[in-house]
Amino acid sequence: EAQVTQNPRYLITVTGKKLTVTCSQNMNHEYMSWYRQDPGLGLRQIYYSMNVEVTDKGDVPEGYKVSRKEKRNFPLILESPSPNQTSLYFCASSYRDSYYGYTFGSGTRLTVV
Amino acid sequence: SQKIEQNSEALNIQEGKTATLTCNYTNYSPAYLQWYRQDPGRGPVFLLLIRENEKEKRKERLKVTFDTTLKQSLFHITASQPADSATYLCALDEGTGGGADGLTFGKGTHLIIQP
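Protein chains in written order, with our numbering: chain H, 1 to 113; chain R, 114 to 228.
Isolated chain H, as found in the complex:
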């Protein structure tokens, strides 16, 4: 089944403890992105990647890092999480020509206390 897989689904952590949210896609998509979704603010792009070793900042990159060492994987790293990073996170991927739209993962609900 074609899908984007995020892990974990839920995560509660403490301020300052480094964490990684994994994202993997099995569709050989070139493009991958990370979004966060907050009430009243909608979906906002954190980072995106056009291909392996090519990443760039989105609208809200502060406090996050990403890497794209393999085409299928695009992990999101929070080096020192803070409570304002409590949010619902989505990973998404797409073919080079996004005519078929982006495929989103099921989301990771992160709580930082």
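These are calculated hints, taken from the structure and not from any lab test.
Keep in mind it's a predicted model, so treat the numbers as computed, not measured.
Idealized CB from N, CA, C, for every residue including glycine.
Fair warning: there could be bad hints in the mix.
What the hints assert, rightly or not - Facing chain R, from chain H, some residues (calculated, C-beta under 10 Å):
#1 TYR35
#2 LEU41
#3 GLN45
#4 TYR47
#5 ASP59
#6 TYR64
#7 GLU79
Got chain H sorted already, so can you dock chain R onto it with the hints?
The following block gives chain R in isolation, referenced to the frame of chain H:
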């Protein structure tokens, strides 16, 4: 970056009627515009994409129009059903097209289809 406006209030429609959702953007016209459906706590699901040189696109009960002069897209669901109740998101590419720079999303319109 683009500013995208969608009806911020919930839209209540009676079953069987046509639901029409609006998406307005403020800056340059994107190469294409996309519509997604999102259910509570779940990831958005792609529905339709319309290119700047297309006026209308249809898929089953769904229809999307794109007016670059008005900087507006309309999303229609005909013969609406309670199962169509969800939040619908409009999204634009930020770059020169192709989605390489990811997408900018509107905040979505919550659609409620009442039996």
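Hints, verified against the model:
no. : hint  : verdict
1   : TYR35 : holds (8 Å)
2   : LEU41 : holds (7 Å)
3   : GLN45 : holds (5 Å)
4   : TYR47 : holds (8 Å)
5   : ASP59 : holds (6 Å)
6   : TYR64 : violated (14 Å)
7   : GLU79 : violated (22 Å)
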